[in-house]
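Visitor: Dock chain B against chain A, hints included.
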Amino acid sequence: MIRRIKLVVLVAALLAVFLPSFALAQNFGVSPAEVRIDDLSPSEEAEFEFTIRNKDDISHIFTMTTYNPEKSERREGRAEFPDGSWISFSPQEIEVAANSKGTVRVTVAIPSNQEWAGKDWEVWIRVAPESMDLLVANCYIRFLVSTSKSVEAGSKTVLIVGIVIGILLLGYGAYYSRRKAKLKHLQR
Amino acid sequence: MKAGITSVLLAIILALIPCLPTLAADTATVTITMTGVDEISITLEPTEWPLGDVSPDTEYLTSPPIDWCTLTNTGNVSVNTFIEGKDARWYEDGTGKNYYWTLSNTNESDVDDAVRGHKYMLWFRVHGDTDRGYVLITEGESEFWPPNGGSSIDAGDYKQFGLKLLTPTFLYGGREMKTTITISAVAA
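These protein sequence lines are chains A and B, in that order.
Note that the numbering used here numbers the first sequence so that position 41 is 41, with each residue one more than the last.
Note that the numbering used here numbers the second sequence so that position 161 is 161, with each residue one more than the last.
Chain A with its partners taken away, still in its complex shape:
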């Protein structure tokens, strides 16, 4: 009974207002629609740029994020991208003036691990305008990343430093052994 009265009161109120204002259509485009990176070694990074074209008569703020699509939406043979944090945007958020273009740089860095070698991944880059409208259009860039079969041996600097340290240690070892042998010889 109380519930009924409550409902009747609420019905009588009829005051909740849902989405009250009109707005113009949003109009923007993103180019390219698809980007493919091949033979990226784990431990390496690659960069590319994409363009947001604001076709509206007012400026808009756009935010970039990554999105992992369902298997059925990915290109054939492509697996889910393991970690969205490997992809970064510069800037993450951009204001594009009316009837103008903005450029965003995307960097993908694969950690150095044999586990990530020889993979074919797909991830989508979402470009979303800031909006309080009921209907909002977003655009995705298909981003296809393939890694090379083997992990890079590491940066050359590290390798060279390693070799130098190795030679120094070896030299010291040889010197030490010789000295020890000489001392032994003298003691006899």
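What the simulated footprint calls covered on chain A by chain B, stretch by stretch (three residues with Cβ under 8 Å from a Cβ of chain B suffice, anywhere in the stretch; the number is not a length):
1. 32-41
2. 122-133
3. 137-147
No wet-lab data here; the hints were simulated from the structure.
It should be emphasised that the depicted structure is a prediction, and the values quoted were computed from it without experimental measurement.
Virtual Cβ for every residue (Gly too), placed ideally from N, Cα, C.
Guide: Chain B only, in chain A's frame:
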């Protein structure tokens, strides 16, 4: 002793031989493929649904019901599109956290009032889509067009659709509720 040192040196040289190609190579080849002329772009018109005052547990349809909004592919590539909804929130308290209607992710319109409570429901219906009729809009992305692997929306082509809202069985009156429905496009 000398023979020992020579052996160790030889072993190290042998171990370093596989690293030589890495040292010799100046650059690793990473292929980035992007077609600059491809632009992904969709527009929605209109983007607002001015409902005014609503009653609890009542269905509302856009007018006209199934060709109220036009989604146009204004880019130059065919696209697949997706739709997702959100909870409706009351933002006048400055946070949007204190009062909201939860977007139902299941067809619960026929279940007990106590279960549905402050949940609201949204559906879309695409003009000419007699197979699916009204499709529930959920928080996770679901297919907008094409349904079940059908034909994508070609460049310059458009789809018309309408919305249906079912308000919660219980709601507080006098509050302006706002929500967002996102329609996303990706190159087919």
